[in-house]
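**Student:** Please construct the entire structure, taking both the sequences and the accompanying hints into account.
Throughout the sequence shown, residue numbering follows our numbering, covering 86 to 492 in sequence.
Incorrect hints may appear among the rest.
As the list claims (entries may be wrong) - Capping the alpha-carbon separation at 30 angstroms, the derived lysine-lysine pairs in DSSO-like fashion look like this: (1) 123 <-> 141; (2) 146 <-> 123; (3) 358 <-> 296; (4) 454 <-> 418; (5) 274 <-> 296; (6) 449 <-> 408; (7) 408 <-> 296; (8) 470 <-> 420; (9) 452 <-> 418; (10) 459 <-> 349; (11) 309 <-> 296; (12) 371 <-> 309; (13) 296 <-> 349; (14) 296 <-> 418; (15) 454 <-> 420; (16) 371 <-> 313; (17) 449 <-> 459; (18) 313 <-> 349; (19) 418 <-> 258; (20) 420 <-> 258.
Said to hold, decoys possible - Simulated restraints on C-beta separations: (21) 298 <-> 451: 39 to 47 angstroms; (22) 142 <-> 340: 48 to 56 angstroms; (23) 484 <-> 414: 14 to 22 angstroms; (24) 363 <-> 142: 43 to 51 angstroms; (25) 153 <-> 467: 44 to 52 angstroms; (26) 467 <-> 414: 25 to 33 angstroms; (27) 330 <-> 309: 20 to 28 angstroms; (28) 492 <-> 123: 35 to 43 angstroms; (29) 267 <-> 457: 38 to 46 angstroms.
Quick caveat, the hints were computed from the structure, so don't treat them as lab data.
Don't be surprised by glycine CBs; every beta carbon is placed ideally from N, CA and C.
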Amino acid sequence: MLSSLLAAEPSAPTQTAPDFDIIVKGGTVYDGTGAEPKHADVAIRGDRIARVGDFKTAKAKTIIDATGLAVAPGFINMLSWSNESLIQDGRSQSEIRQGVTTEIMGEGESMGPVNDRVREHMLREQADIRYEIKWNTLAEYLRYLETRGVSCNVASFIGATTIRENVIGFEDKAPTPEQLDQMRELVRKEMEAGALGIGTSLIYPPAFYAKTDELIELCKVAAKYQGKYISHMRSEGNRLLEALDELIRISREAGIPAELYHIKAAGQPNWGKIDDLLSRIEAARKDGLKITADMYTYTAGGTGLDASLPPWTEDGGYPALFKRLRDPATREKIKVQVQTPSDEWENMYLAAGGPEHILLVGFKSEKLKPLTGKTLAEVAKMRGKDPIDTAMDLIAEDESRIGTIYF
86 MLSSLLAAEP SAPTQTAPDF DIIVKGGTVY DGTGAEPKHA DVAIRGDRIA
136 RVGDFKTAKA KTIIDATGLA VAPGFINMLS WSNESLIQDG RSQSEIRQGV
186 TTEIMGEGES MGPVNDRVRE HMLREQADIR YEIKWNTLAE YLRYLETRGV
236 SCNVASFIGA TTIRENVIGF EDKAPTPEQL DQMRELVRKE MEAGALGIGT
286 SLIYPPAFYA KTDELIELCK VAAKYQGKYI SHMRSEGNRL LEALDELIRI
336 SREAGIPAEL YHIKAAGQPN WGKIDDLLSR IEAARKDGLK ITADMYTYTA
386 GGTGLDASLP PWTEDGGYPA LFKRLRDPAT REKIKVQVQT PSDEWENMYL
436 AAGGPEHILL VGFKSEKLKP LTGKTLAEVA KMRGKDPIDT AMDLIAEDES
486 RIGTIYF
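**Tutor:** Okay, structure coming up:
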């Protein structure tokens, strides 16, 4: 009886399942390959792009009207310094809202490997963002971010500076054969755990102290794991072309692809070198080397105020630097070298064209934070002192590099 009643009920209309989860309709698609843009729809299923085409009749749970807008894959930030801010706030809104979905870290220094000496250094350098260092390797740091939750994809190069700090410390000296073996082993372990390759920032101590042969040996290990060498080269100014020659030599002798961070010719006297730079890169590529470059789209660079000082001032690390800056005789020696053009080191003070082009943006000390947003020239005038003396005073008082933008 019941079965016959149920059979008599009219059947419910069947609903067609949507073809996709999301369709982005009517936009101009830039697919990331360098191909010409085209008007198309983008269909997404789960967390993957399923198809690109014309989906006038297709159904989706969500339709996004992109008429008049550009549609592109997420951008990759090849030089991210969000390694601390992602600990503070994993949402990464400042990057995500610009379309950046992957952050690549490891320009010279990386968040691992960490031994007691490196851990002490990292803790001492913390400013507004304070955190425990609960990892010992770079891979563990990335897993730590993943466990805490981050909205972006993250990956990292191994900082050659960090490898050097682990084994040698902060002194200006070459590794012994035994130390070089230790450095190779650290690189091997991180590459096996998924690091992208070796990253350098060769204008800054203690990275500045590493000779080319040392970098080649580390890159040989990374090359065995299909890694890449990526470098803030030893010079972007007076010795720009020589620095490129070093990068090409490392690529050739280590058998590794190489990339220039933020390709540029810094300092007005060097602007004319850019054509020669590009020609040399093209020649290396025609010779079979995989040489690439990335760049940013503004005429300024962010680093520390200590980049205005000669590299020997940081031999022994930041505590040694602060001590030197409190010694009158040493200060006079530093001042002379900062004022004197030289090809021996990258003088950011002269490259910027003077203190009015040096903007102070990051202090550690609450006492000095009111100076944030002022130029070095403005602070020097406030204090009634020479700009170079003012720079040395500020670094010693703040006991930090002091975040700085050079224009």
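**Student:** For each hint, tell me whether it holds in the structure or not.
**Tutor:** Checked hints:
1. This hinted pair checks out: residue 123 and residue 141 have alpha carbons roughly 16 angstroms apart, not beyond 30 angstroms.
2. Annotation: proposed proximity of residue 146 to residue 123 holds, straight-line Cα distance about 24 angstroms (limit 30 angstroms).
3. With a C-alpha separation of about 24 angstroms, the suggested pair residue 358 and residue 296 falls inside the 30 angstroms cut-off, and the hint holds.
4. A C-alpha spacing of about 28 angstroms is found between residue 454 and residue 418, which places the hinted pair at or below 30 angstroms, so the restraint holds.
5. At most 30 angstroms may separate the alpha-carbon atoms for a hinted pair to count; residue 274 and residue 296 meet this at roughly 23 angstroms.
6. Taking the CA atoms of residue 449 and residue 408, the gap is near 18 angstroms; set against the 30 angstroms cutoff, the hint holds.
7. As the CA atoms of residue 408 and residue 296 are separated by approximately 26 angstroms, the hinted pair is consistent with the 30 angstroms bound.
8. This hinted pair checks out: residue 470 and residue 420 have alpha carbons roughly 13 angstroms apart, not beyond 30 angstroms.
9. Taken as a hint, the residue 452 and residue 418 pair is honoured in the structure, with Cα atoms around 28 angstroms apart against an allowance of 30 angstroms.
10. Of the supplied pair hints, the one linking residue 459 and residue 349 holds, its CA atoms being roughly 26 angstroms apart against a limit of 30 angstroms.
11. Of the supplied pair hints, the one linking residue 309 and residue 296 holds, its CA atoms being roughly 21 angstroms apart against a limit of 30 angstroms.
12. Restraint check for residue 371 and residue 309: the C-alpha separation of about 23 angstroms stays at or below 30 angstroms, so the hint holds.
13. Restraint check: the Cα-Cα separation between residue 296 and residue 349 comes to about 22 angstroms, which is no more than 30 angstroms; the hinted pair holds.
14. Between residue 296 and residue 418 the CA atoms are separated by roughly 25 angstroms; this keeps the pair inside 30 angstroms, and the hint holds.
15. Restraint check: the Cα-Cα separation between residue 454 and residue 420 comes to about 25 angstroms, which is no more than 30 angstroms; the hinted pair holds.
16. A C-alpha spacing of about 19 angstroms is found between residue 371 and residue 313, which places the hinted pair at or below 30 angstroms, so the restraint holds.
17. For the given pair, residue 449 sits about 15 angstroms from residue 459 by alpha-carbon distance, which is consistent with the 30 angstroms threshold.
18. Simply put, residue 313 and residue 349 have alpha-carbon atoms about 20 angstroms apart, close enough for the 30 angstroms limit, and the pair holds.
19. Our distance criterion of 30 angstroms between C-alpha atoms is met by residue 418 and residue 258, whose separation comes to about 22 angstroms.
20. Note on residue 420 and residue 258: the hinted pairing holds, with a Cα-Cα distance of about 24 angstroms set against a maximum of 30 angstroms.
21. Checked against the hint of 39 to 47 angstroms, the C-beta distance between residue 298 and residue 451 comes to roughly 45 angstroms, which is consistent with it.
22. One distance hint, 48 to 56 angstroms for the beta-carbon pair residue 142 and residue 340, holds here, with the actual separation near 52 angstroms.
23. Look at residue 484 against residue 414: about 21 angstroms separates their beta carbons, and that is inside 14 to 22 angstroms.
24. A C-beta distance of roughly 48 angstroms is found between residue 363 and residue 142, which places it inside the suggested range of 43 to 51 angstroms.
25. Against the hinted window of 44 to 52 angstroms, the Cβ-Cβ separation of residue 153 and residue 467 comes to about 49 angstroms, which satisfies the hint.
26. Remark: the range hint 25 to 33 angstroms for residue 467 to residue 414 is upheld by a beta-carbon distance near 26 angstroms.
27. With their beta carbons about 25 angstroms apart, residue 330 and residue 309 fall inside the hinted range of 20 to 28 angstroms.
28. Between residue 492 and residue 123, the C-beta spacing of about 39 angstroms keeps the proposed range 35 to 43 angstroms intact.
29. In this structure the hint that residue 267 and residue 457 lie 38 to 46 angstroms apart at CB holds, the actual value being about 40 angstroms.
Consistency with the previously given hints is maintained throughout, with no hint failing.
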